[in-house]
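Novice: Chains as they are written, first to last, in this note's numbering: chain P, 1 to 574; chain W, 1 to 163.
Everything labelled a hint here was simulated from the structure, so no lab data went into it.
Built from N, CA and C at the ideal position, the CB exists for glycine as well.
Among the hints, erroneous ones may be present.
As the list claims (entries may be wrong) - If you want the ones that stay clear, here's a sample from chain W, every Cβ over 10 Å from chain P, calculated:
{"hint": "1", "residue": "Ile37"}
{"hint": "2", "residue": "Arg44"}
{"hint": "3", "residue": "Glu56"}
{"hint": "4", "residue": "His72"}
{"hint": "5", "residue": "His85"}
{"hint": "6", "residue": "Lys99"}
{"hint": "7", "residue": "Leu103"}
{"hint": "8", "residue": "Glu104"}
{"hint": "9", "residue": "Glu116"}
{"hint": "10", "residue": "Glu120"}
{"hint": "11", "residue": "Thr124"}
{"hint": "12", "residue": "Met137"}
{"hint": "13", "residue": "Lys138"}
{"hint": "14", "residue": "Glu140"}
Stated by the list, open to error - Listed below are the simulated EDC-like cross-link pairs for lysine to aspartate or glutamate, each with C-alpha atoms no more than 16 Å apart in a straight line:
{"hint": "15", "chain 1": "W", "residue 1": "Lys99", "chain 2": "W", "residue 2": "Asp70"}
{"hint": "16", "chain 1": "P", "residue 1": "Lys422", "chain 2": "W", "residue 2": "Asp70"}
{"hint": "17", "chain 1": "W", "residue 1": "Lys112", "chain 2": "P", "residue 2": "Asp433"}
{"hint": "18", "chain 1": "W", "residue 1": "Lys134", "chain 2": "P", "residue 2": "Asp433"}
Unchecked claim - Have a look at the derived ranges for each label pair, beta carbon to beta carbon:
{"hint": "19", "chain 1": "W", "residue 1": "Asn132", "chain 2": "P", "residue 2": "Gln373", "range": "47 to 57 Å"}
{"hint": "20", "chain 1": "P", "residue 1": "Pro133", "chain 2": "W", "residue 2": "Lys112", "range": "14 to 24 Å"}
{"hint": "21", "chain 1": "P", "residue 1": "Asp48", "chain 2": "W", "residue 2": "Glu136", "range": "48 to 58 Å"}
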Amino acid sequence: MEKTRIGVYVCWCGTNIAMMVDVEAVAKEMESRQNVVLARTYKYMCSDPGQDMVIRDIKEHKLNRVVIAACSPRIHENTFRKALENAGLNPYMLQMANIREQNSWVHSDRIEATRKAKSLVAGAVSRVNHHQPLNKREVPVNPASLIIGGGISGITAALELADAGKRVYLVEKESELGGIAAMLDLTSPHFYSISDSLKTLIRRIEVHQNIKVYMDSQVKQINGYVGNFNGEIKIGNKKVKNIDFGNIVVATGLKPIKPETIENYGYGVFSEVITSLDFEQVLKKGSVLNAYGIKPKNVAIIHCVGSRNEDYKPYCSRTCCMTALKYANMIRSALPEANVYQMYADMRAYGKHCEELYADTSGKNVLFLMYDQREGMPIIEKDAIGPGVLIKFNERLSGEDIEVPAELVILMTAMESGKDAKSISQMTGTSLDANGFFIEKHPKLDPVSTTTDGVYVVGSCQSPKNIPESVSQARAATANILATIAKGYVEVEVITAEVNEDICCGCQFCIQVCPYGANNYDQRKAVSSVNEALCKGCGTCGSACPSGAISTRHFTDKQILSQIEGIMAEVGSG
Amino acid sequence: MEYNPTIVSFLCNWCSYTGADLAGTSRMKYASNIRVIRVMCSGRIDPTFVLKAFTEGADGVLLCGCHPGDCHYHEGNYKCLRRFHLLQKYLDQMGVDKKRIRLEWISASEGKEFAELANEFSETIKKLGKSNIKEEMKVEDKKSPESAVHRPARMGLQSTVES
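Chain P with its partners taken away, still in its complex shape (with noise of 0.2 Å):
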C-alpha cells in the first residue's frame, strides 16, 4: 500500500487568526505528527497563491493527504477539495480545522488559542490517517422548479425559467398574485405605478404555457434531493397533488407586524392612527382623507414602529424610510395647506436616488422631528381640545418635549417573516436566523442558495428588501437553476451508509432508524444493503448498528475515534 503523506497548512486569514493564534508554532507541533510530511503557514491560504503552493507540494512531495486549518470547512471546505482535485487527488483526502470561527474569533488568551489550535489540528492530522478516495455521483436534474410564493420575487423567478423554457410549479397560499407589492399604490423614489407593471407580469404568468399556478393553496411535504425533488401540494381545502422537481425557489415574502402589540400608538383605539398599508389602500383610492372622511390639516408619519427596538423587532425593515418620504411628497401634492411632520429615530435613505428624494422632500416644508427610539418613543392620545389627537414626545435636535395635533397619524410597521417561514424551513431543511428570516448560504459570496443544495431563498423571505432587490435576487436564483438544468446533471451527496455484509448480523436496526427508508433487508443474503439514491449520509444507522457493519462514508467510526484521540493528545505549550 502507499504510504501516508500528509501536508499540513496553516492559514493566517490576514491578522484574523495569527493574531491569535502562534501559527508558525502550530505548523512546527505538527512537522513531528505521524505521517506529516510538511508543515507550512500562510497569509491567504484560500488565495489562488495559496492554492497554488498546496496544488505544488502535492506534486512535487508526492502527498497524499491534506490538512489545511483555517476557518470554518462551511465556508472553505469546497475551494480545497478544488484544489486537490486540480493536483489529481481525490477530494476527500483533506480535512480541516476551524481555528477561525471556532477559535481565534471567540478566544482572547493567545496561549491558550494557540495550545487550542494545536489540539485542533492534531485532531485533523490524525483524522486524515484514515480518510478514504470518494468518487462523486452524478445524477441527471428535472427541469422543472417548484417556486413557494407569488409575490415579486416568485413572480420574477417564474416567468425567468418559464421564457427560458422550463416548466414552473408556483405554488401562491392566497387567492390572488402580486403579494406585498400588490398592496403598494406607487413606488420610490421615483414614483413609478408598480400595480400597473405587476398586472403585466401576472397576466404574462397566468397565460403562460410553462407556469402551472396553484392558487389557495401549500406545500405540504417536499422530500428528494436536489435535481430529484418531489413534493406534496394541498390545493384549496382538500385536493392534494404530487409534483417532481430539480429545484426549489422559497419566496415566501414577510408581512407586516400587528401595531396593537405597541400600546403607545394606539393602533386600534384612535381611528386617526393607521398603518402604511392602509394608508396605501386611502392613495389607491385618489384622495388622502382619514377614516371620517376628512381631508387632515396635520398629517403625522411615525418612522419605526416596531423596528430597530430590542422589546420588537431589532432588524431595521429597510424599506419604510423611502415609503415615509413618499408619502409625505403625495400628501403635499394632495393637501398643499397640510402640516407634514416625519418623527423619526434615524433617517436611512441610502441606494440609487434615495438621498435625493430625501433632500428634495425636505425642501417641500415638511417638518422633520427626531425621537429616541430607545428612551422616549412617542405616545398618542386623545386631543382633549382639537379634532384628532395628540403626539407626546421629546424632539431630540431642540430637546424639548413637544406636543403635535394630527387627524391622521400613519405607522411606518416593523415587517416581520411570513407566518409559513418555519414549515418551509423544516421542509426543505433550511434554517431561520433569530428574527425568523432565511439564512442564505454565505451572506456575501452566495447570497441566495441555501446549505441545502437545490434550494434557493430569494427576496424579503430571508430579510426586508426592496422591490430592484427582490427582482434581482430572482433573476440570480434562476440563473443558478439554469445553469445546471444546462449541464443536465449535478453532482450528490458522497457521504452515504455502507454495509460490510460480512459483519452484518441481519438485526435490521438500522432499517427501523433510517428516516428514509434508504435501508432494505435481503432476505436471501439476510443482511442489510443501502439504496445510495436515498441515503443523505446522516450516519443515524451507522450509531445503531451493533456490530459496526454499518459505516457513514466520510465520518467513519475510525476517522472520528482517531479525530478524538488527536485532539486528546499532549501538545506542546506556548
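Since chain P is already given, all that's left is putting chain W on it; use the hints.
Specialist: Leaving out everything else, chain W in the frame of chain P:
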C-alpha cells in the same frame, strides 16, 4: 491554580456547528477549553464516541443538535436524545458523574446561546474537577492485562493508530 478542564464537543453540521460558527463571526468570547468535532447529524453521535473521549482524558462531553422538529434529517436529534438518556445511565453506573455529559439543542442562529452554553458547561466541569477515567483504566489494565486486551475491542475503543 484553577483546574483547566478539556471538553470534547460533538456538533451537528447543519444547526449546532453553524451556530458555533456564528458565535465566531459575531466575535463572542467563550471558554477556550472546548474542542469541537463535526458530525453530519447528532444522530451520528455513537455512544462509543463519548466513551472514547472520556477514556482519552476528556473531563466533559457536550453534544449539540438541532431543535426538535428542525433536524436536517427529520429525526436524528430524537435518536440522539434517546441514546443520550441511556448513555447517562450507563455512565452513572460506571461511576462517572452524569453531569460530565450534556445534550443541548443549538440552532444555526443561536451563536450567543452556544457561547453561553460553552461557558456554563466549562464552569460545571471545572467544579467537578479532573476526570480520573483515563488513569483508572490504566490501573485496571495493569491489574488485569487480559481484560485490557479484550475491553477495547468490546467497546470499540481500540486505538486507531495505524492498524
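Novice: Each hint should be assessed against the structure and marked as holding or not.
Specialist: Here's how the hints hold up against the structure:
Distance to chain P contradicts Ile37/W as a non-interface residue, since its nearest Cβ pair spans about 6 Å, not more than 10 Å. Separation of Arg44/W from chain P is inadequate, the least Cβ-Cβ distance of about 3 Å not exceeding the 10 Å criterion. A beta-carbon of chain P comes within 10 Å of the beta-carbon of Glu56/W; the shortest separation is about 4 Å. The Cβ of His72/W sits about 5 Å from the closest Cβ of chain P, inside the 10 Å cut-off, so the non-interface label is violated.
At the 10 Å boundary, the C-beta of His85/W stays outside the reach of chain P, the nearest C-beta of that chain being 14 Å off. Consistency note on Lys99/W: stated as away from chain P, and its beta-carbon is indeed over 10 Å from all of that chain's, at 20 Å minimum. With a minimum CB-CB distance of about 14 Å to chain P, Leu103/W clears the 10 Å threshold, and the non-interface call stands. Listed as outside the interface, Glu104/W is consistent with that label: its C-beta sits roughly 16 Å from the nearest C-beta of chain P, beyond the 10 Å cut-off.
The claim that Glu116/W lies off the interface holds: its Cβ sits roughly 12 Å from the closest Cβ of chain P, which is beyond the 10 Å cut-off. Listed as outside the interface, Glu120/W is consistent with that label: its C-beta sits roughly 15 Å from the nearest C-beta of chain P, beyond the 10 Å cut-off. Non-interface call for Thr124/W relative to chain P: holds, since the shortest CB-CB distance, roughly 19 Å, exceeds 10 Å. With a least beta-carbon separation of about 13 Å from chain P, Met137/W lies farther than 10 Å from that chain, consistent with its non-interface assignment.
The Cβ of Lys138/W sits about 14 Å from the closest Cβ of chain P, beyond the 10 Å cut-off, so the non-interface label holds. No Cβ of chain P approaches the Cβ of Glu140/W within 10 Å, the least distance being about 19 Å, so the stated non-interface status holds. Using a Cα cut-off of 16 Å, the hinted pair Lys99/W and Asp70/W is violated, with the two alpha carbons roughly 26 Å apart. At roughly 9 Å between alpha-carbon atoms, Lys422/P and Asp70/W fall within 16 Å of each other, so this suggested pair holds.
Our distance criterion of 16 Å between C-alpha atoms is met by Lys112/W and Asp433/P, whose separation comes to about 12 Å. Proposed proximity of Lys134/W and Asp433/P is contradicted: the alpha carbons are some 40 Å apart, above 16 Å. Between Asn132/W and Gln373/P the beta carbon distance is about 55 Å. The supplied range of 47 to 57 Å therefore holds. At about 40 Å, the CB distance of Pro133/P to Lys112/W disagrees with the hint of 14 to 24 Å.
Asp48/P and Glu136/W have their C-beta atoms about 52 Å apart, which keeps the hinted 48 to 58 Å range intact.
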